[in-house]
Amino acid sequence: MRVTVDGVPLSVRSGQTAAAVLVARGQVSWRTTRHGGRPRGVFCGIGVCFDCLVRVNGVPDVRACRRVLVDGDEVVTS
Amino acid sequence: MKVVVVGGGPAGMAAADAAVAAGADTTVVDGEPVLGGQFHRGDPRRVDPRVRHVADATVWAVEGTRLHVRVGPDGAGRRGLVLDADAVVLATGAHDRVVPFPGWDLPGVYTAGAAQALAKGQGVAVGKRVVVSGTGPFLLPVARSLIGVGARVLAVCEANHLTGWLRHPVVDPGKLAELAGYAAVLARHRVPWRPRTAVVAAHGEDRVTAVTLARLSPEWTVVASRRVEVDAVCVTHGFTPRLELAVAAGCALDGGVVRVDDRGATSVPGYYAAGEITGVGGARLAAAEGALAGAAAAGARWVTGELKPGRRFGAALAAVGSSVRAGASRASADEGLSVGGVSGGLGSAAWSDGRSSSGAATGRRAPADGGSSVGGVSGGLGSAAWSDGRSPSGEATGEAAGRRAVAPAEDRLPAGEVAAGRTFAGAWAESRSSARELRSGRRFAGAWAGLRACARELKPGLKVGVAWAGLRWSVRELRSGRKVGVVLAAARSSARAVPRGQGFAGAEALLREVRRGRRFAAALAAVHPVRPGWRTWLTAETLVCRCEEVPRCRLDDLGPVGVRTLKLRTRVGLGWCQGRMCLVNAVELADVRPDEAAVHRRPVAGPVRLGELADNPEENP
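Chains A and B are the protein sequences, given in the same order.
Positions 59 to 136 (the working numbering) are the ones given, in order, by the first sequence.
Positions -9 to 611 (the working numbering) are the ones given, in order, by the second sequence.
None of these hints come from the bench; they were simulated from the model.
To give a feel for the contact side, a few chain B residues facing chain A, derived at Cβ under 8 Å:
| hint | residue |
| --- | --- |
| 1 | Pro23 |
| 2 | Pro63 |
| 3 | Gly98 |
| 4 | Tyr100 |
| 5 | Thr101 |
| 6 | Arg197 |
| 7 | Trp566 |
Just so it is clear, CB atoms sit at the ideal spot from N, CA and C, and this is done for glycine as well.
Modelling step: build the complete structure from the supplied sequences, incorporating the hints.
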């Protein structure tokens, strides 16, 4: 499957979540907090904490740990 | 009877299987794409195919037993769904509780559950040099999973001391074997396991680069500490049950979990609960609770009624015999259905012995109540329906066949009082004759299932002989071309029918399992609590609420407040996660009036986008 992460084309296995793809690439954070501007990535890993939000196909605030990627997905971190 | 099970982990799956086996129209609504829950992550499970599985679903509101659901992956166009149920089984599970410490908001600090989900579900290691810290047995499988995906685990730190287990001895061979397995993996990879030790701070600029490992007093205050270089740390301080739906439904809580009776009934009629939301005790307890709650929700008498253990064998056989007769005697009138009845009856006794045995007993007490009292008998129809799914008699529904089976069960039950040996002989003769009535393709499956049931009930010495005789006989009955196929089909379907670990246990066996599991859960809570010294780890600037970035100092000097005031005055718990991560900690830090439900009160129980509220949901499709 082909997806893009911040415009970079990647090939991913079926069933992989956006968070898994990001962590596997060595990325530990991909957004900043509203008040302190602090970096955030995965924390709870099962959809509870909302730390790992990304934009997928233009839809903002998608939990990367819950979002199983499908062919053609465009993931944008912030 | 419509039963909706919320949650597809061990408890929810067992509940769905039990409910559908009892004849209920059963739906399981789960947040993941595949069943299994967090426990079976990376190893998807299946339930009875008659259960409707709504995957990727979020139950975001409940009104009575009406559930509002969003279905589909977030960010890919979810659809609305409204489900009306006669009974709801909540099996929503739990997530890691993590107490805050300086630096816990740095990237590279993960909950143990996150490390586990990424390792087991995705094959990804959260780091190369990892410390696992917290309290409870969950530390061990997480360490093993990390090792399994190539991480170097520098230490497993258990904040409590295990001498506590001496006061709560575990005599459960399964649990001890599991423990030994983890110990062996840690030893093989030279991973040190350190009691009374914890990560009390994480260091780094934009990601964690080191942690402070502290030796703790029994109350968790720091005695001594050292710094360790890491690139990831995984923490868990027990579990927070996911109670928002239970609270929204009005279920009473007790000790931070849903109050239930032995069969999972909550304080609200129509609502049942099972698994970690009734007390954290692991997957086996959850599955046993789920089976009881699912059956009770479906009104199965085998769980709502009483059955003395001594009667089980006889009752099981009586059920076999009578259901066989019920089916066979109608063979000429309606072959399709009665065949279903025969094999259904056989299967029921065999596949879910407790269900069928109590089904038969129930038949005696309340023979007229076909619909629900056949719970037991139709319970086994799994076998018939599943192996016959594609056959011409596939439309023989569980309930119909079950009804046929139940009435004669009443007459047959006295057989249960006969000495076991003779009863068996009788049942044996009956199953032979009944098998002749069946079309050959079915014979073996039915006979096989019956035999297994009987064999389970017999003393070990007899089993081999009986099984062997049964095999020889049933093989003789079949035309040779079909033998292998049928054997395989029977084996496959019976393996699917019964959730692992639940076996052929009946209601009493499940209740025993639940009682044993709850003793373990109580011991777990007593030995691995979060102790008050954690509050000394925080500095004034340590974030308590990650979403709203609320530091601890904002909680100081609030005076006595309620949970609502705490939230409004400090913004703790008002962010993205709605207090799921922080609120249990915040109420321990501030001077908050105890109110168990308030910590979990989220009328919108899952995230919903504003635009989605404008949709017209599909109702009860």
